[in-house]
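Participant: The chain contents come next:
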Amino acid sequence: MSEVLETADLKVKIDDLYANYALTLCDGNLDAWPDFFTEDCLYKLISRANYERNLLLAPIFSENRGALIDRARAVKSALVYAPRYVCYVVGSVRIVGRAGQGWDTRSMFSAYQTFVEGDSNLMMCGRTFDRVVLDGDTAKFSRRVVVYDNERVPSAVVYPL
Amino acid sequence: MDTIERTDKKDVPVGVWPRSDSSRIPLWVYSDRDNYQRELERIFYGPHWHFVGIDTETPNAGDYKRATIGERSVLMVRDEQGNINVLNNSCAHHGSEVCQAKFGNRTAIICPYHQWTYDLKGNLQSVPFKKGLKGVGGYQPDFNMAEHGLKKLKVANVNGGIWATYDHSAPAFEDYIGPMMLKYMKRVFNGKQLRVLGYQRQRLRGNWKLYMENIKDPYHATLLHVFLITFGIYRIDQKGWYEQDDTHAHSVFTAERDTNVDPNLQKEMASLKKDYELLDPRMVIPVKEFPDDISICIQTLFPNLVVQQQTNSLQLRYVTPLGPDEFELTWTYLGYQDDDEAMQLLRLRQANLTGICGYVSVDDSEALEFSGAGIKPNPGGQAVIEWGGRDPDVPPEHHQFTESAIRGFYTYYRDIMGYR
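Read top to bottom, the protein sequences are chains A and B.
One point on numbering: in the numbering used here, the residue at position 152 of the first sequence is 152, and numbering is uninterrupted.
One rule links them: number in the numbering used here = place in the second sequence (from 1) + 161.
Hints were generated in silico from the structure; no laboratory data involved.
Computed from a predicted model, the values in this text were never measured in an experiment.
Don't be surprised by glycine CBs; every beta carbon is placed ideally from N, CA and C.
Mixed in with the good hints, there may be bad ones.
[Unchecked claim] Below, in silico cross-link-like pairs of lysine-lysine (DSS-like), each with a Cα-Cα straight-line distance of 27 Å or less:
id	chain 1	residue 1	chain 2	residue 2
1	B	Lys295	A	Lys76
2	B	Lys291	B	Lys313
3	A	Lys76	B	Lys313
[To be verified] Here's a subset of chain A near chain B, in silico, CB distances under 10 Å, partners left out:
id	residue
4	Leu45
5	Pro59
6	Ile69
7	Ala78
8	Val96
9	Arg98
10	Gly136
11	Thr138
12	Pro154
13	Ala156
14	Val157
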């Protein structure tokens with residue numbers, strides 16, 4: 001395959017990853033969420049205020065896929081919270097560079113929550129700084145850093161983004 | 162004296178306490194706007210101390226940080242002499258916020274609107290066109306710059322923790338919290354140089370006092386939180402200690418880690434999941450750091466700060482009221498400057514348990530909103546706080562099967578708010 005076609009094919013795989021990831025979050029399918037990650041992945045959800053001051057503290061800090069499975073399981077069976085829908089909208093997916101066996105990628109997002117009252121409100125908006133590798137024919141996240149702008153978030157953040 | 166005029170001109174209690182003791186809380190204290198205004202004046206802008214920041218957040222002369230006390234923005238500023246000043250973020254000219262950035266460094270504080278310029282201690286240094294132009298206009302000859310500085314708060318620095326109060330007649334900070342509370346506070350503020358690991362902030366729909374009550378409430382802690390009780394971080398039957406100061410305003414709970422559950426209690430704790438396991442359990446594995454075996458030490462300092470050591474995670478939780486029905490919770494995570502990489506990593510891992518996504522704290526955030534939603538339309542109701550008796554005192558055995566810390570909070574609250 002020519003380099004141009006190879007890049008186009010990769011872009012399709014990465015777009016698919018982001019789109020399927022977003023749909024899985026919107027479906028509330030937490031069981032499937034860890035499958036978008038490699039075994040030794042790093043996942044962080046961190047405020048822009050901390051990120052830009054090089055403060056490492058992240059509300060979610062997971063160092064492997066097992067920790068993501070732990071989180072999904074806790075949300076399903078251990079935490080107490082009001083039922084809600086999450087609507088996750090992703091855009092501007094870009095490959096920004098080659099990184100070892102994978103690629104550095106980034107995206108923009110907004111996420112909305114809908115509670116029992118029925119109003120949808122902004123939960124978080126921001127950017128993601130990720131690393132993607134190919135597992136066979138499928139792109140997976142080996143790193144995902146979700147940086148949210150709205151530092152003062154409404155209520156608790158139950159579902160990961 | 163640098164006090165700010167009170168605005169609750171009516172200054173009358175808005176209701177009558179339902180009982181002579183504090184085993185009942187009328188629900189209007191969580192929603193009434195006049196009561197809330199009275200709280201701002203008497204508690205937040207009155208003779209009580211508020212946490213502002215950590216000295217290492219502003220290490221150099223001219224470094225500043227924005228903070229909040231009640232609804233007011235304040236600036237924590239380090240001056241050329243190395244002292245930390247806390248100044249009301251409102252220009253003496255026309256009231257504008259003089260500083261909008263969250264952190265920064267300045268040689269002087271210049272209001273962006275009319276460029277009144279203050280030094281790092283808040284003294285007014287210069288005003289543009291002071292004498293007008295060519296002998297006309299400007300300020301009158303009797304305009305006294307010394308009278309128009311930024312309002313200065315009284316400041317205390319306790320082992321790197323910066324505290325402030327608007328009321329210069331407030332007792333010294335150490336006297337305000339008393340020797341016993343100071344002893345527990347110094348578990349975290351132990352004299353080593355502190356390092357801020359980061360912040361988390363959330364907006365919760367409920368009254369600010371509900372959060373302080375939540376932290377003073379061992380009843381819910383042993384029932385609601387799967388993660389606390391299952392991994393032995395806190396359970397009400399553990400070896401622990403409960404203390405209040407003499408005024409009942411402040412309190413502390415401690416417990417020692419222990420995963421062996423009293424079988425008689427197990428059936429009462431429906432959330433206990435004995436077989437619950439984690440694929441990556443590192444965040445619930447403690448490393449011994451303190452001389453004693455206390456795995457949780459959670460302290461509330463009136464009116465609005467929580468100092469918590471949860472295993473190796475050190476946090477401050479600061480409550481900012483946003484009207485009677487909403488508040489902000491600001492989490493400041495701490496370590497020490499001399500932490501090695503392994504200790505820092507441990508603190509970052511354990512932070513998964515608390516904060517906006519915390520395995521323990523999500524339960525509280527949500528329960529707080531359930532409280533807020535249930536209380537707001539029912540101001541005529543009462544909370545029944547009789548678990549462990551009706552008095553506000555620590556039981557002689559220091560056991561934790563009691564809501565007396567909440568009764569203690571309201572015993573003090575009623576006194577300063579005028580609800581006899």
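Participant: What hint numbers does the structure not satisfy?
Facilitator: 1, 3, 8, 9, 10, 11
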